[in-house]
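Visitor: Chain order of the listed sequences is P, C and X.
The opening position of the first sequence corresponds to residue 1 in the numbering used here, with each subsequent residue numbered one higher.
The opening position of the second sequence corresponds to residue 1 in the numbering used here, with each subsequent residue numbered one higher.
The opening position of the third sequence corresponds to residue 1 in the numbering used here, with each subsequent residue numbered one higher.
Please note: incorrect hints may appear among the correct ones.
[What the hints assert, rightly or not] Capping the alpha-carbon separation at 16 Å, the derived lysine to aspartate or glutamate pairs in EDC-like fashion look like this:
1) K176(P) x E620(X)
2) K350(X) x D460(X)
3) K168(C) x E143(C)
4) K31(C) x D460(X)
[What the hints assert, rightly or not] Computed Cβ-Cβ distance ranges for the label pairs, DEER-style:
5) I486(X) x T132(C): 53 to 59 Å
6) E34(P) x V110(C): 37 to 43 Å
7) N90(C) x I540(X): 53 to 59 Å
8) S544(X) x V9(C): 31 to 37 Å
9) V47(X) x L20(P): 38 to 44 Å
10) V95(C) x G137(X): 35 to 41 Å
11) L483(X) x N310(C): 45 to 51 Å
These are computed hints drawn from the structure, not numbers from a lab.
The C-beta atom is built at its ideal place from N, Cα and C for all residues, glycine as well.
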Amino acid sequence: MSTPEQVIVVGHEPPTATGLDNTKLAMWGFLGSECLFFGSLISTYLLYRNRVCAGCGPRPHQIYNIPYTSVSSFVLLMSSLTMVLALAAAQKRDDRGMRIWLLATALLGMIFVGGQIFEFTDFYHRGLSLSTSTFGSAFFVLTGFHGAHVTVGILMLLSLVAMSFLGRLGPDQARKVELIGLYWHFVDIVWIVIFTVVYLIPSK
Amino acid sequence: MSRRRIEGVRRWLRWGVLLLVAFVATGCSVKYPQSALSPVGKTAKEADSLWNLVFGIAVVIFFLVEGALVYALLKFRQRPDRQPAQFHGNTKLEVILTIIPALILAGIGVPTVKTIFDIAQRPTGSNVINVTVTGHQFWWQFEYPQQRIMTANELHMPTGTPVYLSLKGADVIHSFWVPALSGTQDVVPGHVNHLMFETNKPGVYLGQCKEFCGLSHANMRVRVFVQTPAAYRTWVAQQQQPAQKAALSGDAAAGQKLFLHGGAGGSFPGGPACSGCHAVLGTSAQGVVGPNLTHFASRTRFAGETYVNNTTNLTNWLNNPSAMKPGVDMPKLGLTSTQIKELVAYLQSLK
Amino acid sequence: MATVVLEQRRRIFSRPTAKTGWWSWMTSVDHKRIGIMYIVTALAFFVIGGSEALVIRLQLAKPNNTVLSANAYNQFFTMHGLTMIFLVVMPFGVGLMNYLVPLMIGARDVAFPRLNAFSYWLFVLGGLFLYSSFALGGAPDGGWFGYAPLSTTLPSHGMTFYSIGLQILGVASLAGAANFIVTIINMRAPGMTLMRMPVFVWMSLVTSFLLLFAMPVIAVALFELMFSRVFGAVFFDPAKGGEPLLWQHLFWVFGHPEVYIMILPAMGIVSEVLPTFSRKPLFGYGAVVFSGIAIGFMGWGVWAHHMFAAGLGPVANSAFALSTMFIAVPTGVKIFNWIGTMWGGSLRFKTPMLFSIGFVAMFIIGGLSGVTHAVVPADAQQTDTYYIVAHFHYVLFGGAIFGLFSGVYYWWPKAFGYTLSEGLGKLHFWLMLIGFNVTFGPMHILGLEGMPRRIYTYPDGLGWNIWNFIETIGAFTIAASILVFIINTQRSRRLRAESGPDPWDARTLEWSTPSPPPEYNFEQIPLVESRDDWWHRKYIPGPSGAPVRVFAGGADMVDEGTAVVDEHGHGIHMPSPSYFPLVLAFGLPIMGYGVIYKLWWLVGIGLLVLLTGVYGWVLEPPTAEE
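Let's have the full structure, built from the sequences with the hints guiding it.
Guide: Structure below.
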């Protein structure tokens, strides 16, 4: 029930012209599109980070807690590692290992999102909201969209685990894990850029 | 094609050409007071000479390419005795036809870039008149900081002197455009953009807001009075005076009271006194929301330069401003006809 | 065995099975049906957007007219622009892509049939969402490019509908773009190398890449607008240091590629139609393909020419002036190649050919007036006047719409098995060509004589009256031509002049299938041996170089589609119909209404519908077991 020939029969997928998997190609295309999405958000942020009008709330360096965000960034980075381990397990058809590593990835993601929620609340209480300054608008929308991406990723990871338990992941489970993994790594890489550009580059 | 059909086509063509000539003739006999094609300003002339260049080239290319197209259509239409030639291309020809347009465009590019930098230069000299233009929804405010003059919708300038405009936006993006004097320049909130007006030809030149700015975008017009230096100096001297030297009497005096303090109880029904939004130099009216009305009666038009400044229009305006100019900030004040009469009299005394 | 796995799967509800009737269309994942639905919907929106234009023209027919109030006028011109761009030209092109790309590359469907259905339904619902604003307190009224800060301050919900409606349409376009990129790269028949692909497929590929990279940029701009309008963000608020030009940059970084998104499919159509009716291969195939790619790349470097009057400074203005001039070069190359294609040919002036010639003739004018815009000081006079309105209608109507109608007349017999009437078709063409030029030609003059665009009224005495009146007559002539087209479709459907599989003696693979093609397109996946493969199967070069018909070629070789058997001896498995694309598509507009009215429970319901769609989709196999 798990020989390569039958995989083809199930999906009725004829071999492709380039040999690349259709879904993987589509995912790469989607991620290319996402680069422009985050690129535009980051551009907006770069334009506004030093443009806090007088009396319009805190400036970036007055509010960021670099050590705190470094820790949550590290957590998110570690989740890329567990994602790789999940894929390796999936390719070895080690279902148990795959589930464990997928859950670990989702858990690390949840810690990151939790950290972000805490950070947002903290900033809000310290006087930075969506409408205090252009910096506030740009910061919350950029990092908020990133957080939403992580959340979607967590949902997909948990769905993979659930489908695996229900036996509905199908014989090409490694491909599915790899697909979600591509997305997850992308979201991580975007965070590295955001962390550098938003938090580490000093503002005026 | 049969002979009869060709005849038919010819008849249609003849009528078509006649009709076209008739239309063009009517079109050409018309005057265009807001035209970009009869420039008098220095920058407008520079733009126009570039336009003439590129338009000329475009017309030549148009006839060459459309001519080639029509020729091909006539020459190569299907005939039983001819076989289509099966060629896939001609590299040499293709390269030539790529290089020629590139060269033409480079030829246009050089004077374009030169003119861009020319126009961007700030005029120097002690005689330069500075004017700050502020775009409001939906009227223009003109401030002459050196002369300490504030007016609206009607810009006065002398011949032979460069006028350097600094454009500011009060609310949304507008675009300041007087085609006879210069191409347009957007008025962007948070930015100061510049334009230079300079001409030797006295006259009245029309313009209007060119960037969509809301309900009355169409009613945001401007009029530039280019005067001889002497006439301009007279205008400046008159504008620098307070509106009234002598005390008012009759309707005008009652109107002034209404203007400054509102009706009974200190306000009009549904709104504060006029002075809450409008300023009149030499009185206690210091409002900055609406146009400065110090020498209102010296202006030829009002309401974004859309209505002639006369008693009928002013009466209608005070009765219901937004019926004449949709989206205007000025509310319907619910004035009585007596109050309107008095206010009109006062406004007309602001010479 | 695999079927065992499939049988074990429990389903919430059974799959749709209807083969005919409404449900079969609603749940269809067949690229041909979806393509037809796209085009029919786009034509319906074309009639709506055209009617808006007619009312606009009535209002402007004479000075100080009162057909429309200022408020209604602003809604009408904004919705006219949004409709024609996002609900007509784009989906019209996508519809033809849908119908043709798989047929042209020798595939049985697109790579993701359900995603394709999702794109379509999301487009329909996004369009209805936008139009529902008319009934809900006012349509968008800030112009199709919605310049901030005006768009953040307009009081009705209109611009919020705009920010969310375009977002929904953007998701639809993005899904479609990814789908076509994968389809074209991965689903080509054996032998269909990239340089053997029909030009239409090439242009579809370039268009898809442009969509893929342009849509996220407008998405960010629209989110910033939405957060500003609904949640109090201050992205464009000058009082808080917000930068109005940020919106313009983001919008035009999307907006200029968008122009090519609209025109490239039409260029592809013309590049298919001209060779067929000239009985010659396309002149300079490589040049046409590479100029299309070049336009795709250069289209990203010219956006600020929409902002020449914004005060970017002489250096930026010069740079963008030059890049704008040079994008004219690849465009010019295409024009030369199209004329070269006709040169020396044997031209048959059938209706599709007339529309393609109309495209070339009108596009030359639009291209030349485009070059005059690159001359910045002159553009300072032309921008935001009727001159620019004339220019982009020559490109998008004289160009894109003529090209798309050429495609409709050309491929109609393929889709329905009968040709449209030539007489009515030609009447349609001439009425439209004349009406178009009478409407938009005088706009050049009006613009240069000082008439700004987007004004709901103008005073007497500016010399504009006569031209405006003539334009209004022209607009109604265009409307008459569309009426002729509609009559033509109905009459031709009744008369049913059977077309056979290859009525135009055409060149590309879709003509090797029966008309209409079976659901699976090809009984045997074709083996492609050359560019214009179908032509070369019908003709060989004769002694004089002229093509000679191969004995028993042409119609005799058409895949008649009698036996539904594939090479494995099984029936050809086509993807099964599905409810979930439709369900998923409903989620987004529901959430949209929730955000506009701040009804968070409605957002929750939308999210729930969305998740139902997603999970239903994922848990359902693409193909149902027999």
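Visitor: A separate judgement is required for each hint: does it hold in the structure or not?
Guide: Quick rundown of the hints versus the structure:
no. : hint                          : in the structure
1   : K176(P) x E620(X)             : 15 Å, holds
2   : K350(X) x D460(X)             : 45 Å, violated
3   : K168(C) x E143(C)             : 11 Å, holds
4   : K31(C) x D460(X)              : 11 Å, holds
5   : I486(X) x T132(C): 53 to 59 Å : 56 Å, holds
6   : E34(P) x V110(C): 37 to 43 Å  : 42 Å, holds
7   : N90(C) x I540(X): 53 to 59 Å  : 23 Å, violated
8   : S544(X) x V9(C): 31 to 37 Å   : 34 Å, holds
9   : V47(X) x L20(P): 38 to 44 Å   : 42 Å, holds
10  : V95(C) x G137(X): 35 to 41 Å  : 59 Å, violated
11  : L483(X) x N310(C): 45 to 51 Å : 48 Å, holds
Violated hints, listed in ascending order, are 2, 7, 10; each of the other numbered hints is respected by the structure.
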